[in-house]
Amino acid sequence: MKKQALTKLSFIFALLSLAFILNACSQKKETTGTSDDRKYIIATDTTFAPFEFEDTNGEFVGIDMDLLNAIAEDQGFTFEIKPLGFNAAVQALESNQVDGVIAGMSITDERKEKFDFSDAYFDSGVVMAVSEKEKNISSYADLKGKNVAIKTGTEGATFANSIKDKYGFTTTTFDDSSNMYEEVKSGNAVATFEDYPVIAYGINQGNGLKLATEKEAGGQYGFAVNQGENEALIKMFNEGLQHLKDSGQYQEIVDKYLATPESKASETGFIGLIKENYKKLLDGLGKTLLITLVSILLAAIIGILFGLLSVAPNRGLKVIATLYVDLMRGLPLIVLAFFIYFGIPSLTGIRLSATIAGITTLSLNAGAYIAEIVRGGINAVDNGQLEAARSLGLPYGKAMQKVILPQAIRMMIPSFINQFVITLKDTSILSVIGLVELTQTGKIIIARNLQSFDMWLIIGLIYIIVITILTKISKQLERRIQNG
Amino acid sequence: MAKLKVTNLKKSFGSLEVLKDLNLEVKEGEVLCLIGPSGSGKSTFLRCMNQLEAVTAGHVIIDGQDLTSTETNINQVRQNIGMVFQHFNLFPHLTVAKNITLSPIEIKGENKEQANQNALRLLEIVGLKEKADVFPSSLSGGQKQRVAIARALAMQPNIMLFDEPTSALDPEMVGDVLAVMKKLAKDGMTMIVVTHEMGFAREVADRVIFMDGGYIVEEGSPEQIFDHPTQQRTKDFLDKVL
Ligand SMILES: Nc1ncnc2c1ncn2[C@@H]1O[C@H](COP(=O)(O)OP(=O)(O)O)[C@@H](O)[C@H]1O
Ligand SMILES: [Mg+2]
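Top to bottom, those sequences are chains A and B.
Per full-length UniProt numbering, the first sequence runs over residues 1 to 484.
Per full-length UniProt numbering, the second sequence runs over residues 1 to 242.
Hints are supplied without guarantee of correctness; some may be wrong.
The calculated lysine-lysine pairs, modelled on PhoX-like cross-linking and capped at a C-alpha distance of 20 Å, are [as the list claims (entries may be wrong)]: (1) LYS133(A) - LYS185(A); (2) LYS398(A) - LYS98(B); (3) LYS183(B) - LYS398(A); (4) LYS443(A) - LYS275(A); (5) LYS182(B) - LYS112(B); (6) LYS402(A) - LYS98(B); (7) LYS235(A) - LYS133(A); (8) LYS112(A) - LYS210(A); (9) LYS186(B) - LYS27(B); (10) LYS402(A) - LYS129(B); (11) LYS98(B) - LYS108(B); (12) LYS475(A) - LYS398(A); (13) LYS144(A) - LYS185(A); (14) LYS398(A) - LYS108(B); (15) LYS10(B) - LYS20(B); (16) LYS112(A) - LYS144(A); (17) LYS245(A) - LYS256(A); (18) LYS10(B) - LYS402(A).
Just a sample of chain B residues kept apart from chain A, beta carbon distances all over 10 Å, derived [what the hints assert, rightly or not]: (19) LYS3; (20) GLY14; (21) GLN79; (22) LYS112; (23) GLN117; (24) VAL204.
Please keep in mind that the hints were generated in silico from the structure rather than gathered at the bench.
Here a beta-carbon is modelled for each residue, glycine too, at the ideal position from N, C-alpha and C.
Next comes chain A alone, as it looks inside the complex (with noise of 0.2 Å):
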């Protein structure tokens, strides 16, 4: 995390230090030249849907960046636009180093005494959202009893908190939009608040919900540039905003992202969300495969150790081998996950990137269960086996190598197959250290286009077929070696 935030730090510093010299360059030139020919820089959030988001195509769109492009078409300007980040953004503009700001920024007094804004280009505002099939609530006075999703921070909790008591409702609070909607479809929920835009912008996207009440009134969003700077742009911006909201295009922007859907064509649809995933979805198959194939490897390199000391003659390897399953054992994988992630290297100072953090905790979680799987199939192997070998003459290694461990590892076969299985769907779990593997890539999906029921769907649904695919093979694999 540490590492990212300093690269994301060295990246927005770059992205500074280039827009200070390209301010200074263009004012030079607005010294020398006409003010025409000048290049604005506008500075911008990096993701706020709707408003900037990367498409699936990667790139950036959104109602604040197609406005910019039609505003600056009509009134025959040009800009560069630097994603910076909301806060990075703002201080950007108060040190000059961009030449205005567009980041569903809302117009508040405090920010007018630094910036002069353009008049208002969206007014957003909290609103209520419900289940499409839901019929019977359609007013606050509804909710009496009932209980409400909200998302932690929004303005939309802030208000639900606000009224709860008035309209007799509970909330539960969700991290993130996508479960929040979960909750409203399944019916656990019976409504959600939530930012206009937002809100509207997940039912384009066709999240199942529908409006159910007015907005409430709330803030206005603006085009800020620093106070008394860069007037023309200001009037420029405003000229043109009046232009395309008289020639209807502005409703069209807007529209195209929170329209409620029917008129939308893309990604909807089972084949559809395939079609334009699928090379995200492989890429997320992939680690997935890798990260178990590698983990299996060690673990079995360790379960075999550890197996091996457990059915030892000498009682300090058992105890040492006992101590490690139970460990491993009794440690839930996503903490053993957060504890290798995070715990080691605030200990040690050695980071460790999330896919050796990830192979590091499936390797040791599986090693232990792959370590009683061997400890059991060696213990199932009649006593009589060992015996006969030692009477003959044989060392304890030959003997559990050349009489012991061939009939052990038969019977091992179909606890190791499950093992795998397991090992496979337990790096689901190392989504939560960010890695991208399948689940983690699907919720990435998931989180621009919210169609988490479909995409759901399809993530279990490789993870079924590969699955089975894989057990057929060992199962084959399997009767081979029981075979001779």
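Take the given structure of chain A and dock chain B with the ligands to it, following the hints.
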């Protein structure tokens, strides 16, 4: 010098004392039959003789070498002591021939061909030459036990321990196995046989030992033990089994 000598041998499993101060001497070429009721400690006694069970106290001395000493290389000694188990304990994942050649190849360093030829010779002796390449699962109990004997013989031991080699067999199989054992005895092998086959004991044994409750109660020639037992416990036991 005695081939095998046991002095003051005691064996406990936890707090259960199973063998209580046993003493025994076996001469080269002698055939000894151990009889006694179930649970009297016969198997444990036999297993102490090749250290499959570690003794609690006392000594087991073979050819002058004390097996209970930590200096003794037990793997080395065991090569000279063949053992045949009640439940055969053949290796199910190996063919009959490989069951027999495993040990000679792995620890005696015999080459495969030599070991194989020896295996075939031994299989011929026990009457199972044609079974060399099958897996143990396809053999009858009696055939399995004869393979087990051949496997033990492959290490060219000079003592053979048998733990009820015929008790797990159908009656019609018993004769074949006993015939092989008789042949071994006639060829001069030193043998210690735990058995319930009183006919075999009477015919083949040089000496019969009756054990009960962890003690050797009575020992002597087959005639002495079977026809003129001096101890009441021996008499009671024989009344039940004969
Ligand atoms: N590994 C063991 N652990 C605990 N007790 C044992 C073990 N082996 C044998 N015994 C006990 O020792 C006694 C003698 O057993 P064993 O030598 O098998 O008798 P026998 O062969 O004469 O029937 C029995 O009471 C048996 O339960
Ligand atoms: Mg017994």
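Looking at LYS112(B) again, its CB stays over 10 Å from all of chain A? holds (14 Å)
(message) For LYS10(B) and LYS20(B), compute the direct alpha-carbon distance and say whether it is at most 20 Å.
(response) holds (5 Å)
- Message: Check the hint pairing LYS186(B) with LYS27(B) against an upper bound of 20 Å on the C-alpha distance.
- Response: holds (15 Å)
Open item on the list: Tell me if the straight-line CA distance from LYS112(A) to LYS144(A) falls inside 20 Å.
Closed with: Not OK: LYS112(A) and LYS144(A) at ~40 Å, beyond 20 Å, violated.
With the threshold set at 20 Å, check whether the alpha-carbon distance from LYS182(B) to LYS112(B) stays at or below it. violated (30 Å)
* Taking only the CA atoms, is the gap from LYS475(A) to LYS398(A) under or equal to 20 Å? -> Judged against 20 Å, a Cα distance of about 29 Å means the pair is violated.
Minimum C-beta separation from VAL204(B) to chain A exceeding 10 Å: can you confirm that? Holds: least Cβ distance 22 Å, greater than 10 Å.
Original post:
Given the hinted pair LYS235(A) and LYS133(A), is their alpha-carbon gap at most 20 Å?
Top reply: At roughly 46 Å apart (the allowed maximum being 20 Å), LYS133(A) and LYS235(A) break the hint.
**Item:** Pair hint LYS144(A) and LYS185(A), alpha-carbon separation not exceeding 20 Å
**Value:** Cα-Cα ~19 Å, so holds.
Margin query: Run the distance test for LYS10(B) versus LYS402(A): straight-line Cα separation, threshold 20 Å.
Written below: violated (33 Å)
Take the C-alpha atoms of LYS112(A) and LYS210(A), compute the straight-line distance between them, and say whether it is at most 20 Å. violated (35 Å)
Going straight from one Cα to the other, do LYS133(A) and LYS185(A) come out at no more than 20 Å? At roughly 9 Å apart (the allowed maximum being 20 Å), LYS185(A) and LYS133(A) satisfy the hint.
Hint compliance for this structure: hints 3, 5, 7, 8, 10, 12, 16, 18 and 21 are not met, and every other hint is.
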